[in-house]
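S.K.: Below are the chains, spelled out letter by letter.
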Amino acid sequence: MSSKRIVVIGGGPAGMQAALSLAAGGLKPVIVERAGELGGKLKEWHRLFPSMTEANEVLTRLTGEIAEAGVEVMLHTEVEGIALGEGGAHDGAPNGVVLAEGKKLPAGAVIVASGFDIFDARQKEEYGYHVYDNVFTTVDIERMLNGDKVALSDGTAPRRIAFVHCVGSRDEKVNQRHCSKVCCITAVKQAMELRERFPEAEIYSFYMDIRMFGPGYEELYQQAQQESHINFIRGRVSEASPTIDGRIQIKAEDTLVGRPLKMSVDMVVLAVGMKAAAGNEKLAASCDGLSLAPSGFLAPRDMFTGCVSSGAAGVFYAGTATAPKTIGECIAEGAMAAQRAAEYLKSGAKR
Amino acid sequence: MKRSSWKEYEKEIADDHYYYARSCIRQNFFPGSETTFLRIMREALGKDIYDDPRHTSCTGIGYHSDIVPLDTTMAVVARQFALMTEAGYENIAISCITSFGLYTEILETWHEFPETEARARENLFKATGREFRKPANIAHTSDIVFHNREVIAAQAVRKLVNAETGAPLNIVEHIGCHYAKIFPKSGIGGSEFPYVLAGMVEEWGGRVVDYPERRHCCGFGFRNYIVQANRGFSIANSRKKLESMAPYKPDMMVANCPGCAMFLDKWQYAIAEMENVTYGADGRGIPVLTYEEMAGLVLGYDPWDMGMQMHQVDTEQVLQKMGVRYDPAAKFLGRAGKFIGAPAAAAVNTFSGDRIYRIKT
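Keeping their order, the protein sequence lines are chains A and B.
The numbering of the first sequence is the numbering used here, which starts it at 1 and goes up by one.
The numbering of the second sequence is the numbering used here, which starts it at 1001 and goes up by one.
Simulated from the structure, these hints should not be mistaken for lab results.
Beta carbons: idealized from backbone N, C-alpha and C, even for Gly.
Be aware that a few hints might be false.
Stated by the list, open to error - Computed far set for chain B versus chain A, every beta-carbon distance over 12 Å:
(1) Tyr1009
(2) Gly1062
(3) Ile1235
Stated by the list, open to error - In the DSSO-like style, the derived pairs of lysine-lysine whose C-alpha atoms are separated by at most 27 Å in a straight line are:
(4) A:Lys262 <-> A:Lys251
(5) A:Lys104 <-> A:Lys346
(6) B:Lys1185 <-> A:Lys251
(7) A:Lys251 <-> B:Lys1240
(8) B:Lys1266 <-> A:Lys173
(9) A:Lys173 <-> B:Lys1011
(10) B:Lys1266 <-> B:Lys1321
(11) B:Lys1240 <-> A:Lys262
(12) A:Lys173 <-> B:Lys1185
(13) A:Lys262 <-> B:Lys1181
Unchecked claim - Restraint-style ranges between C-beta atoms, simulated for each label pair:
(14) A:Gln225 <-> B:Ala1136: 57 to 63 Å
(15) B:Val1277 <-> A:Glu172: 38 to 44 Å
(16) A:Thr53 <-> B:Glu1008: 37 to 43 Å
(17) B:Val1277 <-> A:Gln225: 38 to 44 Å
Please build the complete structure, drawing on both the sequences and the hints.
M.R.: In structure tokens form, the structure reads like this:
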């Protein structure tokens, strides 16, 4: 029965939690996921800040509960837009989603949990990502940690490592003016993880501001300085260049001492930001009431009481479709969006 | 180095019929390079290019030194466009990097702020009675050589290789800051990894040297040099580049900016005098060529016809490596074989038996 079916677009943490909450409430969620398995980007992460919980632990719990609850999942399936027409839960409201080749999946409500894209560090050409072998992103490092193979391209251990914050965040030059929120704490976490693996290495972290907004974050940052001996330098790196011995020379200005700085390192790690998903524009264009924020993320109805609601009745948001968020925040929003969607179907309240 | 990213920054370059805008500095320090460019265009490539004696300085140096007001600069650039329009051309080929940057900047300004274009048109008309059309295509002359690099390679008499060993020459390429650092889309390869000279070097058999200070300014920087009190900044920046490239043992440098070619060449002499340091694998300095000279050598042109005797660092070491036949006795012979005078040997060119001219004594 389509009026009780709720389509959840995206099978990451927010989407999975939304589906679980809906199922617990007696509704019929269906997760539409374009990848071949559930998990979203959580699949690629190693440990989660600030508790250093294994990402796989969270992933396994969510996917296990999805299987246990018998939630319907459509993998390898792309959503083209919101479906409009007769048969929705309310007159004039969306009545499902449009899949590839115009096929329609009817539903009483839709939860958009389509996530974010990772900023392509190649756009910051000055840092030499995909130009120099030993320039990596924080995403690469997570994968390397997962495979237990953190090393330079020749397989050796780095002796000096530089993290660069705000790559693709707070940067008008690449049209990404927003703060991606989680990159600072990710870089701190990874610096500490690399310290565990390379006790003798010098590790530097170049930042504009350190934004430690969450519980336990500031404490982790202090720990990184005092126990892991990470050297934090306030200044943006201007460019990376190759040296004759295969290392990477970086230039920056240490703004606390007011002097330019140049050093050679073995490994550069770019803390890449969260970018609005490329599909947001098409989705927003498919339905009146959906709109984009200037950052390209989907704009919620309001920032406070309607943070999981869209401007269209029957369409709800969860997770990083609307802004950069932590895993915990995404899961919380998944549950909240499910509750709002259930209320919508039950009472007809258009929110 | 993986260079594939340069392809994301390509631009349209006109194929023929150019209006040539010369460079003030080059006409003084490398006059043979502009002549060589015209020769390559007409003889090797069969292109139509108009060398207009009426055009003037673009005022770029005065503009960047805060001596010439922007309105004046715009009126002067508008006059160049008017001369081009009157001559029946619409593709402008600009010899100087600073002029190229300035023309690009003015066209962008006119695009963003149309009232400034209207004012420039009005000022030009009041002053000269001239009107103009904006160029359909704007290219630096190195863009045009890059555009035709494969045609030149097909006519190559020799390659950028060591004639004895067959090994590619190690070549440092240096791009003028005003080429693409102001508007990355205006340059082949963008601002971080410009490919305009590297593309020529690779096409003609050489090997590009990637060194830490590759993107650093040559040190000219108008305020660095023209304000005499700042001149130390100029030579310090050149020295930083030379120190950075020296371990790679480059056979030569090639530049596409008049100021860069001049300063990277002539500051080597000053550094030799000041610090007794001479760069280059065998203490004879690192020759600095213009891209026209590099292309001319590939095409088999005579180095002295191209004005290569004007260099501070002697270029014979490159000629010898490439197997170029040249007449040493003809180096300082001008037209009709008239001796034009030879400079005293300088500390940077320490051939055995040379007389060393030292300014310190």
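S.K.: Each hint needs a verdict: does it hold in this structure or not?
M.R.: Consistency of the hints with the structure:
1. Tyr1009: violated, 9 Å
2. Gly1062: holds, 29 Å
3. Ile1235: The claim holds: B:Ile1235 sits with its nearest Cβ about 18 Å from chain A, beyond 12 Å.
4. A:Lys262 <-> A:Lys251: holds, 5 Å
5. A:Lys104 <-> A:Lys346: At roughly 23 Å apart (the allowed maximum being 27 Å), A:Lys346 and A:Lys104 satisfy the hint.
6. B:Lys1185 <-> A:Lys251: Holds, at about 24 Å.
7. A:Lys251 <-> B:Lys1240: Given pair A:Lys251, B:Lys1240 holds - Cα atoms ~14 Å apart, limit 27 Å.
8. B:Lys1266 <-> A:Lys173: Violated - the C-alpha atoms of A:Lys173 and B:Lys1266 are around 36 Å apart, more than 27 Å.
9. A:Lys173 <-> B:Lys1011: This hinted pair holds, its Cα atoms lying about 20 Å apart.
10. B:Lys1266 <-> B:Lys1321: holds, 22 Å
11. B:Lys1240 <-> A:Lys262: Roughly 12 Å between the alpha carbons, so the hint for B:Lys1240 and A:Lys262 holds.
12. A:Lys173 <-> B:Lys1185: Roughly 13 Å separates the two Cα atoms, so the pair holds.
13. A:Lys262 <-> B:Lys1181: Holds - the C-alpha atoms of B:Lys1181 and A:Lys262 are around 21 Å apart, at most 27 Å.
14. A:Gln225 <-> B:Ala1136: 57 to 63 Å: Holds - the Cβ-Cβ distance for A:Gln225 and B:Ala1136, about 59 Å, lies within 57 to 63 Å.
15. B:Val1277 <-> A:Glu172: 38 to 44 Å: With a Cβ separation near 42 Å, B:Val1277 and A:Glu172 satisfy 38 to 44 Å, so the hint holds.
16. A:Thr53 <-> B:Glu1008: 37 to 43 Å: holds, 40 Å
17. B:Val1277 <-> A:Gln225: 38 to 44 Å: Distance hint for B:Val1277, A:Gln225 holds at roughly 42 Å.
The earlier numbered hints that this structure contradicts are 1 and 8.
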